Structures are given as structure tokens and as C-alpha cells.
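Student: So you can see what is in the structure, the chains are spelled out below.
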Amino acid sequence: MNSYETLPDQLSTYVNKWKPKKGSLVMILHAVQDYYGFVPKEICFVLAKELKVPLARIYEVLTFYHYFRLELPAKYRIAVCMGTACYLKGAPDNLDAIKENLNIPEGRATEDGLFTLEIVRCYGCCGLAPVMSINGKIYGKLDKKKSLGILDEYRQKETDS
Amino acid sequence: MPKLTKELLDTYKTPASPETGYIKVGMNTCGISAGAQKIYDAFVHKVKEKNIPIEIKKCGCLGMCHAEPLIEVKIGGKPSVLYGRLDREKALSLLENKSLPEFLVEESPGQKKIVLRNCGVIDPERIEDYLEKQGYQAIKKSIFELGPEKTIEEIKKSGLRGRGGAGFPTWRKWKSTRESESSDDNHHGRFIICNGDEGDPGAYMDRSVLEGDPHSVIEGMMIAGYAIGSSTGYFYIRAEYPLAVERIRKAIAQCYRYGLLGKNILQSDFNFDLETRLGAGAFVCGEETALIASIEGRRGYPRPRPPYPSVKGLWGKPTAINNVETLANVPYIILNGGENYSRIGTGQSRGTKVFALTGKIMNSGLAEVPMGMTLREIIYKIGGGIANNKEFKAVQTGGPSGGIISKDHLDTPISYESLQELGSIMGSGGMIVMDEDDCAVDVAKFFMKFCFDESCGKCAPCRIGTAQALKILEKITGGNGRREDLDNLKRICHAMQKASLCGLGQTAPNPLLSSLRNFEDEYLEHIEDKICRAGRCRELMKRPE
Amino acid sequence: MIHARINGIRVEVEEGTTVLDAAKKVNVKIPTLCKHPDLPPTAACGICMVQLKGTDKMIRSCCTEITEGMDIITLTPEIVEVRKTVLELILSNHPNACLTCARNQNCELQSLAAEFGIKEELFGKILKNLEIDDSIKTIVLEPQKCIKCGRCIQACQEMQNVWALSFAGRGLDTRIAPAADFTLVESPCVSCGQCAAYCPVGAIYVYDDTAKVWGALNDPSKHCVVQIAPAVRVAIGESFGMESGELKTGKLYTLLRRMGFQAVFDTNFGADVTIVEEATEFVKRLTKGGGVLPLISSCCPAWVDFMEKFHPDMIPNFSTCKSPHEILAALAKTYYALQLNIPPSSIFMVSIMPCIAKKFEIHRSREMFVSGYQDVNVSITTRELVRMIKQTGIDFSSLPDSEPDHMLADYSGGGTIFGVTGGVMEAALRSISSFLTGKPLGNIGLNDVRGLKGVKEARIKVGDYTLNVAVAHGLGNVEYVINKIRNAREKGEEPPYHFIEVMACPGGCIGGGGQPRNINDEVRRLRINGLYTDDSHCKYRDCHDNPQVKRLYAEFLGEYGSKKSYDILHTYYRHRKEYKSYRETEFLGESE
Ligand SMILES: Cc1cc2nc3c(=O)[nH]c(=O)nc-3n(C[C@H](O)[C@H](O)[C@H](O)COP(=O)(O)O)c2cc1C
Ligand code: SF4
Ligand code: SF4
Ligand code: SF4
Ligand code: SF4
Ligand code: SF4
Ligand code: SF4
Ligand code: SF4
Ligand code: SF4
Ligand code: FES
Ligand code: FES
Ligand code: FES
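Protein chains in written order, with my numbering: chain A, 249 to 409; chain B, 5 to 549; chain C, 1231 to 1822.
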């Protein structure tokens, strides 16, 4: 289990590098999320002290930007694009199929903790619409069958390992 | 690494293409996700294994998203050809001199590449490639021949206007930033920011340029910085574009190594530093005052303008904010002269514009066309018309701030003014084509939902207006609409346009109002007959055949 | 000067004036909601829209500077429709709960709805259930009623630098919340109440203690006594249509007696005692090395709380004197109880304060129970008293003046100016001068500690000593002073000051969070002048000259700073956590 009372070395180095720069908060939150997969609330206490930024500021910023997560996501983060191009090319149907297959609404994790489902707006790969990403890897030209096939690949990978 | 001097810079010349030929693989985010990485790796492996005398290169966006993954092949003295929709095996068979006519693709006609001049041509991760394409010659010209005022003068002559949406004349922004008083006249007295937030869904021109030709944007920023008297620039790039961030960072590091950034650039007294900052999933941060708040480490709340950023921007100092595409035009203009550039285009809209053609179009992709081309030409000539033999219904430009243009206006030559007259805007360049299966009400609802989700919540008209408008649209598409709802919608839209604090709320009603204007009959069908002729709204009946 | 037109009327204003203020100058009223005259604009509501003549563009008048030649139209059917629609949108996101709302009848949103004659709800309600936070028992947060004007955030973050409040979330989900979604009592909130003073609606309001007061007044077993803080008397009249700054001391005495209090005291007496003790403490530190300098004033509980949370290294510098109302209450339940020969348990002490932090102070540590019981039973604000007056039906404005119960009520001029920024300093210096030199101070240099500048520094000659003093008001202004002390300490230099006064509220207690709401610098000035007038009319100007004070020491306490004084009139400080997170216990140990 992680303890969030101090910054791990890697983050500490990053924070020290960014601390002297003005307005470094968003960049530091990115680094925290890259490290933990989310931004633990307890880490904000440490950051507040280190950066001499009030906790209220950190939290108001954290909850403004939807990129930041306050909870640990599942192992595989599915992000379905609902940008305009994807929407018109059938993203809603894909999304429904995925929801049904995983039996979760958006914003939640599956019971086995394997997948979380999110909605994003445009990866800029609209030419491949509809698109989704899993842990950052982008899959394009999806339809229901292809989407569910990709989920199965991940499940397979899990049982194999 | 030796620091580049003026003289050394000139030693980079376009190399003669290698005798033996080359293969270039399009390696932007979209290409990679379509399989380009696998193909590239396979080529590299095979060529090494078999000792085949051909160069394997990476390049940026080739513009034909519909045909990804894409490669360009040039063998011997023959002209180069493009292959698309390949997979690994097919691609490798090219090395065995197989011809694959069914995979040949052709670039669409009528384009004019200025912004995209290097995209798909050079390897974006090699500064040398850029230098060989007259890279950093424009900043050299600015510093040693023009000076700041004349640099601005060239931009003025070019007629360049902001490509980020509003179309504000770039020279005026620079001049005003240059002339505004700053409380601090040394290193951090003025700033230049490159707006790479590109939050408009269905638009990816800026990503393609950042990924495919990062140095052009950097050079554009250097010139802008030089012209306004700034020595610090920021790239603000959305976090959803990791490859763009990586390539920009790489390019910046290369510039520092070559002495193209830092102190005394090309031995002049011009100093310039560049840093990247990431967005974090807030569309509103594309709005310039919200973007500034975000860089300052605050919530992305817009603030009233005036004062404009050119007077009071980042940390209270005069700041010029320019879009990626705007900046990518700059080196070209400086090198080729403003007048030359201004010969392209129409009326008050000069130069080219990059569009991202998506939706129900045959050939989705990026197209850079001279201003003044008609919508019909773009959609039918370049985009190849509507896919699947369906009927064209409308095209949406300008994203959530734009509008829906019906087929009656297809022959409009595009310019900032003409699109505005049609109740849309040029916007950043997303062009989303709809066919008969798309529902005007549903699309309006989609955009309202987008604005509702992305409203920062600071001001009441937008925060609550988007929520109420969305609720009414959901009522209509859910089969519970009433005629008064349309009056209420118009009322809400009017208040949002007039009383919202920033562009997001002010323009959020545009898609709705334009679809209401062009397709009022469809709204009435939804409300009175409980019919959705496109069959999109699930609670309603499809139009009886 | 800028020349412009508003509805065709010529107006000439200084550069930097907003369209709104320029319009006010020519008596054109533009409705507003988020803008408070005392705060910078947040531009949040969109009610104050006006039009540039000849264009269809509308601008926000509250945050747009008027420029040369501007031609503004403030009223057309279109403008009214836009404003009205915006208001209707706001109402659609707001509960219809006026009848049971803390702000019923004095709510800016309610008034606006009435002004616009809103008769029907065109848009369905969009409401979220957000919990009420009354954990701190000084202010109450009711996020559902928040209209996101941002005033409280300006107050708490920028003006007070406490950062107990912030917005969380975004878009329609934006809500006002204590920092990091703690509860208010766990947050760094110091209960200064500035947020509640600025909130236009019933989203942040003062925790209501009036029922406790009514309960005691109706309880025959209780001997109810009451005290009035200095700042109350110059502000309460505003709630009854009188001018700011008019002294209402005599009317208040009459009123409180009519409400049923058995003895009416005056906090100003407590202030006199505070000064005598504090001046003694100061002289001891200055001349006998009896503690560290600078001495820092401690009569503002929000400031004390702030220091205990954010600047615990300043604990040794703090004066140990309690605040005046605690001193008075302690004396009421010891000295007065003895005199009347009644048990302190039967005395019920109500203090009427401009202040919200006092609601917290009355139980902040065991020294507040020196009589064996909570010395101040209930502390209510000026606004709560106003509500009680309205409930009694007494016509405040026509009340005759009367006298208080003299023993714990007669006061000197030094005691009354406690209510203004710089007043504690000035009163203390008057006594310090006498104690050090045997001579009164006169007015030399004291103008430097008066007025509304955020930080006032002065150098004052007292006998052989040159005293460096600083006065800060508004917690946001404290940092500067504290940093100066800290820097000197780190470098091993002499402290930059001998004496510091801090008041949490801008203007001091006259601008307290519990005062009538129409606050701005003009009103502050009028209230301040009211107290200085009171001072100048006092028979005794210096606290130690007050005969009742002399009598108190002669009969009860002994000499200034005696052991008995320390037992009854002084308190101690502890380092408190800024955030009481799940792992922390409340105190980090005691220090004296
Ligand atoms: C809600 C909103 C979002 C915007 N998003 C972007 C964006 O993603 N990229 C961009 O370049 N400009 C965006 N803009 C426009 C910018 O505010 C600004 O006008 C532009 O960056 C200026 O650059 P230009 O003059 O080169 O066009 C946005 C504006 C608004 C109101
Ligand atoms: S990125 Fe793709 S996938 Fe997303 S909006 Fe653009 S088209 Fe859709
Ligand atoms: S218009 Fe919308 S996005 Fe812009 S400030 Fe207002 S609420 Fe925020
Ligand atoms: S805040 Fe105002 S409008 Fe809202 S319920 Fe209370 S009194 Fe009524
Ligand atoms: S104002 Fe109207 S709703 Fe309120 S109490 Fe009176 S009658 Fe009832
Ligand atoms: S009472 Fe003071 S400290 Fe507490 S939240 Fe309000 S403004 Fe902040
Ligand atoms: S709580 Fe009150 S002051 Fe604060 S934002 Fe909400 S309405 Fe405004
Ligand atoms: S500190 Fe303020 S509230 Fe307390 S007695 Fe003095 S003036 Fe009154
Ligand atoms: S300045 Fe006065 S009113 Fe304000 S918190 Fe301090 S004691 Fe209370
Ligand atoms: S192929 Fe990805 S958008 Fe071009
Ligand atoms: S070819 Fe990749 S961006 Fe279109
Ligand atoms: S009063 Fe001007 S925006 Fe609220």
C-alpha cells in the first residue's frame, strides 16, 4: 500500500525542479497523477506545504480540471471518444455495447477491478472515427463487434498472465 | 554540438534524394494507431536483415486519414507514390518489388500547402530535416534584415488573421503587445503563448502540425517573440495530445542544443526561452484569459476583457496568444514576403486554411486550401463527396461555437465573413459532414451537451443556460416537446449570447440557432408528430417510408 | 477625466471608473447581483448588462471601465429581457425557500426577483441536494442557495488570506465548499464572518443563537446580564434607517433593559481593564525583560485563531490578556457575583458583538470558564440583535436614552476606540506613556495609527523610548508584518517593532462580520468617526483613569498584573492544526 505522507523520490525531484517556477501547480498535479494513476487527496497536504500553496487552491484546481482523477482507476482505463466525428459515426452505439458488456455505467470500474470506463472528447484522430483508447493506446474505426473483441483481448491477456 | 551561426545555418541545403530511394511512414498519433508503428518497425528490421539499400524514414501527417496507415515510396529515379490502407505483410511485400496497385492512393487536388508544407515530408523528430527545408532562415531574416517593426509590417502586408477562431489580425495583436507598457522591462516583461489546446471535437489540424512539423511552430513563436519584444514563450498543449507534447519537447531540446533557443541566438542579442505547459481536460482553457489562468496555476476561469491580454496578460504582463496554425504560417510569410502571401485568398481573408474533414465524408482527412474555395469544392473535390451513397444534409463548421450549414449554401466561398453571414464561424477548422441519417435536433443537442459539460460555471447565463437548453432539447428528442419550448429555447439563447462572460457561452447557442433556422420543420416534426426522420432519436418514430 | 454619455446624459468621471459607477453618478440605477461595492468585480452574474449605443453588443457595466466618448444605453426592452432571463435562469437553479431562509426579507436575490416582477417559473427547477454545514457553529454554509457570485471567496482568500473556502467542481456542478471538502470546523476557518457579511443570499449566514437568549430571558431562575461591544453602538442604527456612525449607546441600554436583562454592562469597561493589563504587560516586557517583543495584541479571537493555526511561532509574542468581553464576563461572574452574593451559575451573560468569532471564543479554552462556568453564555451579533428587536416589536428609533449599571459599564475614551483599527494601539500607548513617564501622551504621532490603510507603521517617542509600532487590519495584511518580524529574528537582528495590533476585519470591529451588511469604506469611515467622537466626549480619555477601574483593582484584583489578575483576566495559546484531518488530534500540545 502506498503511504502518502511524503513524496516519493521521483516526485520530489520533479517538485523541486518545478517549485521555483511560477504557476507550476497544474504541471505538478500531472506528475502526481502520472505516478499514482490518480491524485490522492493526502498528497495534496504534502504539496500544500512544499509549494506553499493553500490546500484550498490545490483542491479547487484539482476539481476543475476533468483530466485529474481523485480515485485509483482500474487496471485498464477505457476512454470512449464522444467527439463530434465519433458521435456521428456511431460512438453512442459502441458505448452502449461496452457498457452492457462490462455491466457498468460511465465513470465506474468493473467489479473485478479490471476496467474503468470514461468518456473523452476527441483524441484528434477523427479520421479514424469512432475511436476509443485503452490506457492511452488508441483504437480506431470501431464498431460494436470490434470494440467488444478488443475488450476480450485484454481479458485474454489477463487470464494468460 | 556546435552552436549554429548565421553562416552555419546556410550550409543546410535540401539534399538530393538518395539514389536508391526511400520509404516514409506517416507516424502521427492517428497513423500509429492505425498500425504505422508495426509497419515502420517491420521495414527497419527487414532492410537491416536483408541489407536492402533503401532508406526508411518517419514523417508526419500525410493528410489522408481515411487511408491510414500511409507510406510514401520512392524507388530509383521513379516518381514517388503513396500507398494506403496497408498492413504489415502487404507493406513488406513492397520491398520485394511487388506492385500493389489496389493500395495506391492519390492526394486530392486543389490544395495549397503552406502550413502543412513540411508535414508528411520531413521527419519531425530531426531538426536537421527542418534545417534542410530552410528552417530557421526566417528568424534569421527577422533578426538580421528586418528588425521587429518591419517583421510586424510583413505580417501586416500578408493579411494574416488568427486561425484560432476569431480571426483577429495577427499584426495588430503583436503591435499592441509590443507597445503596451510592462511593469518589468527585462526578461519577463512580455510573453508569447502558443495556444495548442485544440479542444474543439472533430478538429485536429493543430495536433497534426505540432506532431508533423514542430519546428515551424517554434520558429513562428521565436519570430513573434522577437517582434513583440518578448524573451519567454509558452506552449500550452492539451494533455490528450501526448505525442504532440513529446515532439515539441524534443524539438525544443534540439533547439537548445543548436543554440537556436537560449541566449544570443545566432550570435545576435536576441534571447528566447520556451517552455511547455499542459492542459488538463478543460475546453474553456482554449479561451485566452482562461488559458492564462491555467498557466498561472489557477482554475481555468475566463475574466472580462478588456483589458486584453496584449495589455494585461500572463502575470499581468503584455502577452500575445496565437494559435498553432497562425504561428506555422509565420516563417513562410517572413521568408516569402507578406505581399506574396496576401495574393492567396479572398477579401479580408488571406492565405490558406487547414480543415479537418470528418463525418460522413468519403475521404476524411486534412486539407489545406486557399481561402475562397467553396464548401462544395472542399467536400466533393477534396473530400470525395458523401460516403455510402447517402445524401448530403449539412456541414458543421466551427465546432461548438459554429453552426450548421445546409445544402443551399454549398457554393459559398469560405472566408471569415461569409461563414459568419451564414450563422456559423470559420472556427479552428473542423468541418463535419452530415448525411440523411443525421438528425438536426440530435446534433444541436450534442453540441449543447458539449457546452454544458465544458462550461466553466463562472457565469450564470452559460452555467445555467446550457443546462436548461439541454434539458429542453432532451425533452424534444424524448418525444415530450411542446411548441412553447422553442420560444423558451430562443429566449435562453439570446440571453446567453448577450450576457455570457466568454466566447464559450456567447457562442454556445450557435449550433442550436442555426439548426433551428435551417431545419425548423424537423423540430416541428419532433414536437408535433413525434417523428425523427433520421431515425436517430430513439424515443420517436422513424419517418414512414 | 473621461467624458461619456449614459442614456444621453453627459457624465464626467475619473479614468478607471466603471460604467456602473459612472451611471450611479448621474442617478441611473443599473441592477446588479454579484457585484458588491466594496469588492472587486467577479463578473459572474450577467445581470448588469448594458448596451453600447449603435451596436447590438452588450457589456457588463460592473467590470467595464468607461472610456472617452462611450455612449451607453442602460434601458431598452431587449436589455430588460436579457437581464430578466438571466435572473430567471438563476432562480431556476435556486430553491424557493424564502419563508424559512436566514435571509428572508434582506436577500439581494429575493429583492431582485421582486423588482423584476418575476411571476412565473418558465424553466423547470434544476436543483441538487447539497448538505448544510453547520459544524463550526459560528457561520453556516448552505451550498444549495449559493449563486456562485464569488464574493465569499474574495473575502476568505484574498481579503483574509485564510483560504477556508473555495469553489469545487466545475460548470453546473460548481459548488462552494470548505477547502478540500473538509467540514468547516475542520477547515482553517477562523470565523471572522467576512464571507457571511458579503454573501448576497442565504448561502452563508451567521449561526443563530437568539433562541438561547430568549430561553434565558424567559427563565426565572436566570439572572440575565448583557454587555455591548463598542462597535455595535455606531452601526446598529443603520438597520433602522439611521445614519452610519450615529451613537446609539443610550438607546441600547434602554432597549436591553426592556428586553428583560437584569443588568446592562458595557464591554468598553472590559476594554479599559484589558488595556491596563496589556499596558502593564508591555511595560514589563520593555523594561524588565519579562517576555519577548514585539508584543502582539490578542483581543480579536479570529486573529488569535489565525495565529494559532498559521503562525504558532508568534505565540510567545502574544499578549496573554483576554479580549474585553471575556474580561468583563469573568468579572461579572466573580466580582459582580460576589457583590450581589449570587452564585455565578445563576448568571447568564450575553455579549452583543460586531463579531462572529466571539461565538467560537466563548468556549475556545478552559480559561474561558474561569468562574467555574462558561463566562460568556451566548455571544450574538449586531444583526442578531436587530432581529430580536424586530421580534419584540420595540420601535428602536424612538427609544429614550438611559444609563447602564455603572459598576461594569462606565468607560473611558480609550475603551471605546477598541472598536476601530488602531484603537487598541492608541489606548494602550496612552496608558503606556503614563506608566513609563507619569505623563499623558497627548496626540503626538497617533494619526499614523488611525485610518484605513491596511498596514500602518509609526514611530512614537515616549519618554526615553522610541517605540516602533504597527497596526494591521484584514488578515490579508498580517503577512507583511509577521514576515518582517521573522526575517529580523532569523538574522538575529533587533525586532522591527515593539508593539503590534491586529484586527481580523477590515476597519477593525466596526467592520466586523456580524455588523449590518451595507459595508464599504465610506460606511467604515462614518462608523470610525462615531467612535472617535465618543472618545472625545468621554470625561476620562485614558483607561487607567477610569474611576470604576481603579475601584475594581482596589476592591478586588489588587495591583495591575497581580496574580489574581492573571488568574482571571489572562489566557494561553496553543498551536492548532490548519486542517484537522482524520489523523490529527485537535491540539499539538500546550505552550505558554
Ligand atoms: C471557448 C473557447 C475555446 C477556444 N479554444 C481555442 C483553441 O483550442 N485553440 C485556439 O487556438 N484558440 C482557441 N480559442 C480562441 C482563443 O481564445 C484565441 O482567440 C486564439 O488562441 C488567438 O489566436 P489567433 O489570433 O492566432 O487565432 C478559443 C476561444 C474560446 C472562447
Ligand atoms: S478523435 Fe476521433 S475519435 Fe474523437 S472526436 Fe475526434 S473523431 Fe472522434
Ligand atoms: S460563458 Fe461559460 S465558460 Fe465562459 S465564463 Fe461563463 S460559464 Fe465560463
Ligand atoms: S437566499 Fe434569498 S431567494 Fe434564496 S431562499 Fe433565501 S431569501 Fe429566498
Ligand atoms: S410572499 Fe407569497 S409565498 Fe411568500 S409568504 Fe407571502 S404569499 Fe406566501
Ligand atoms: S468566516 Fe472568515 S475564515 Fe471562515 S470561511 Fe468565512 S471568511 Fe473564511
Ligand atoms: S456562498 Fe454566497 S458569497 Fe459565496 S459564492 Fe455563494 S452566493 Fe456568493
Ligand atoms: S475586540 Fe471588537 S468586539 Fe471585542 S470588545 Fe473590542 S471592539 Fe468589541
Ligand atoms: S476584528 Fe473585531 S469583529 Fe472582526 S473578528 Fe476580530 S474581534 Fe471580531
Ligand atoms: S488519421 Fe488520424 S486523424 Fe488523420
Ligand atoms: S494522416 Fe494522420 S493526421 Fe491525417
Ligand atoms: S453585477 Fe455585473 S456581472 Fe454581476
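Just so you know, these hints were derived from the structure itself, not from any lab.
It should be emphasised that the depicted structure is a prediction, and the values quoted were computed from it without experimental measurement.
Some clues are possibly wrong.
Taking beta-carbon pairs under 10 Å as the criterion, some of the chain B residues facing chain C (in silico) [as the list claims (entries may be wrong)]: (1) G171; (2) V288; (3) R467; (4) G509.
In the BS3-like style, the derived pairs of lysine-lysine whose C-alpha atoms are separated by at most 25 Å in a straight line are [said to hold, decoys possible]: (5) B:K453 / C:K1539; (6) C:K1539 / C:K1349; (7) B:K7 / B:K94; (8) B:K7 / A:K389.
Covered, in the sense of this in silico footprint (three residues per stretch, anywhere, with C-beta under 8 Å from a C-beta of chain B), are these stretches of chain C [to be verified]: (9) 1287 to 1293; (10) 1348 to 1356; (11) 1396 to 1404; (12) 1767 to 1774.
Beta carbons: idealized from backbone N, C-alpha and C, even for Gly.
Student: It remains to establish, for every hint, whether it holds in the given structure.
Tutor: So, going through the hints one by one against the coordinates:
The interface hint given for G171 of chain B is violated, since its Cβ lies 17 Å from the closest Cβ of chain C, which is over the 10 Å cut-off. Checking V288 of chain B against chain C by beta carbon gives a least distance of about 9 Å; that is within 10 Å, so the hint holds. Because the closest C-beta pair between R467 of chain B and chain C is about 6 Å apart, less than 10 Å, the hint holds. A cut of 10 Å between beta carbons decides the hint on G509 of chain B: the least distance to chain C is about 9 Å, and the hint holds.
A distance of roughly 44 Å separates the Cα atoms of K453 of chain B and K1539 of chain C; the hinted pair therefore is violated under the 25 Å criterion. Pair hint K1539 of chain C plus K1349 of chain C does not hold up; C-alpha atoms about 49 Å apart against a cutoff of 25 Å. Taking the CA atoms of K7 of chain B and K94 of chain B, the gap is near 44 Å; set against the 25 Å cutoff, the hint is violated. Proposed proximity of K7 of chain B and K389 of chain A is contradicted: the alpha carbons are some 46 Å apart, above 25 Å.
Taking a C-beta to C-beta cut-off of 8 Å, the stretch 1287 to 1293 of chain C contributes 3 residues in contact with chain B, enough for the three needed, and the coverage statement holds. Coverage of the stretch 1348 to 1356 of chain C by chain B holds in this model, with 4 residues showing a Cβ closer than 8 Å to a Cβ of that chain against a need of three. For a cut-off of 8 Å, the count of residues in the stretch 1396 to 1404 of chain C with a CB near a CB of chain B stands at 7, and the three-residue condition holds. Note: the stretch 1767 to 1774 of chain C has 0 residues with beta-carbon separation from chain B under 8 Å; the three-residue rule is not met and the coverage is violated.
The structure is inconsistent with the numbered hints 1, 5, 6, 7, 8 and 12, although it conforms to all the rest.
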